[in-house]
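**Q** Residue strings, one per chain:
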Amino acid sequence: MPHIRATVSVSLVVLVLSSIVVCHQNMAQSTSPRPNRDINVVLAAHDKELLAIADVVGVYAGTLQDSQTPCLRVMLARKNPESERKIPRMIDGYPVVIQVTGTIRALDRP
Amino acid sequence: MQQPEILGTAVGVSETGDPILMVYVNRDAANAEQAIRNLSGQVRGAPVKVELMDEIRAMGNTARQTPPISLGTSGGWTYDLANRYCCGGTLGGLVRIGAGLYILSAGHVFEGDTVLGGNNRIAQTGDPVIQPGLIDEQCNRYLAQTVATLVKKRSLATSNVDCGIARIVGGMVRTDGAILGIGTISHYISAAALNQHVKKSGRTSGLTRSTVSGLNATVRVSFTNECHGGTYYKTFNGQIVVNSPSSAFLRSGDSGSLLVQDVATNPRAIGLLFAGNTSVAFANPIGQVLSFLGATMVGN
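Protein chains in written order, with the numbering used here: chain A, 1 to 110; chain B, 1 to 300.
Chain A on its own, in the form it takes in the complex (with noise of 0.2 angstroms):
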């Protein structure tokens, strides 16, 4: 009967395995839930927080690549990997994507 327990032993395995895989999915999908807010009101809860980290210039409500996706977008002064690293990828469900944008500055002098 080797065989059979064998045979048992990995079925446990495999059923144990696909148990670890559904619950992080279900763990990636608590952390990335479908926004439930306005992205103003998102934007407005965290502006202050995105702004006090270093080289972060402005922050605002834009979209993905696609034009239609809304998104959270940061602009840093400079590449900067601290910087990019304590930036979240997601807040209240919307994606963040980060853009290096150089100073912003008042357009006065040629």
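Hint data in this document are derived by calculation from the structure and do not stem from the laboratory.
We put the CB at the ideal spot given by N, CA and C, even for glycine.
Any given hint might turn out to be false.
[Said to hold, decoys possible] If you anchor each label on the Cβ, the simulated ranges turn out as follows: (1) G126/B <-> D55/A: 40 to 48 angstroms; (2) G93/A <-> G98/B: 44 to 52 angstroms; (3) A191/B <-> Q65/A: 18 to 26 angstroms; (4) Q68/A <-> Q42/B: 37 to 45 angstroms; (5) Y232/B <-> D55/A: 37 to 45 angstroms; (6) D176/B <-> G93/A: 45 to 53 angstroms; (7) A54/A <-> D176/B: 42 to 50 angstroms; (8) G93/A <-> A32/B: 36 to 44 angstroms; (9) G98/B <-> R37/A: 41 to 49 angstroms; (10) N36/A <-> P67/B: 55 to 63 angstroms; (11) P35/A <-> T211/B: 17 to 25 angstroms; (12) T231/B <-> N36/A: 47 to 55 angstroms; (13) D55/A <-> P67/B: 44 to 52 angstroms.
Once you have looked at the hints, place chain B on chain A.
**A** Using the frame of chain A, we list chain B on its own:
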């Protein structure tokens, strides 16, 4: 560049900060689509990004006009000279306050000199506003013409907008508020919307078109306290974001331009352009500007 459809190339920066090769293709060329298909995705390891644009023409609204002048033109505070440099911007549009007509521009263009500093002057109500700006008359104010007189509003110090006004001198400014390359506008205003098509007419880049790419921006903007003076920062919220890849939409000297709908006749004003970088431009919502000033747009 040997293909007539390709207007130019430039080195740009991707959203991740890496170098990219920008290729500008004439949007009106008959073979534009074929030209884009023929482009390689990479050149010497650098990704290629294609931008469709209008044919390149001589840019800028810098010339001295015969009065009454149209707006969207070079102008500024007559004493905007300090630290061996002169500065200026764009006379953006025309507004009405009570019975008076006023040129609208950015606050930092008309009254950006807030310290005695390098020229022993601070912008004051009654100072002349000239066309073109000093930057287009070799920093010599006597070569320009006075078209309005400054009415100091201190918007930068006291509000969430960057606007300035100057009361027009009789006969020097078109009273219909016409803007170079745009013509007359509507006296109604419009709120910005994502992906909305917009245009502006400015001192440096002339008439340019783009789209609204973001709303409700909170931005930290760098200013100087006089021409080439000390730097300070101010944070604005609720700002309009306009695509300006490689500064194609808004350049230095375009501050004060009016952002309007990209329609053929009597576009509505949307914002007052005042800042930017090499990716995007920023405008104060025009409703906030007019509310601060107690003004209405002049138009049809």
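**Q** Evaluate each hint against the coordinates.
**A** The hints, checked one at a time:
1. At about 42 angstroms, the beta-carbon gap between G126/B and D55/A stays in the expected band of 40 to 48 angstroms.
2. Our hint of 44 to 52 angstroms for G93/A and G98/B holds, since their Cβ atoms are close to 48 angstroms apart.
3. Range check, A191/B to Q65/A: Cβ separation about 24 angstroms, and the 18 to 26 angstroms hint holds.
4. A hinted range of 37 to 45 angstroms for the beta carbons of Q68/A and Q42/B is inconsistent with their spacing of about 28 angstroms.
5. In this structure the hint that Y232/B and D55/A lie 37 to 45 angstroms apart at CB is violated, the actual value being about 18 angstroms.
6. Roughly 48 angstroms separates the CB atoms of D176/B and G93/A, a value that falls within the hinted 45 to 53 angstroms.
7. A54/A and D176/B have their C-beta atoms about 49 angstroms apart, which keeps the hinted 42 to 50 angstroms range intact.
8. At roughly 38 angstroms, the beta-carbon separation of G93/A and A32/B lies within the given 36 to 44 angstroms, and the hint holds.
9. For the pair G98/B and R37/A, the supplied restraint of 41 to 49 angstroms holds, since their beta-carbon distance comes to about 42 angstroms.
10. Roughly 57 angstroms separates the CB atoms of N36/A and P67/B, a value that falls within the hinted 55 to 63 angstroms.
11. Taken as a hint, the range 17 to 25 angstroms holds for the pair P35/A and T211/B, whose Cβ atoms sit roughly 23 angstroms apart.
12. Distance hint for T231/B and N36/A: a CB-CB separation of about 41 angstroms, inconsistent with the stated range 47 to 55 angstroms.
13. Here the CB-CB span from D55/A to P67/B is close to 47 angstroms, well matched to the stated 44 to 52 angstroms.
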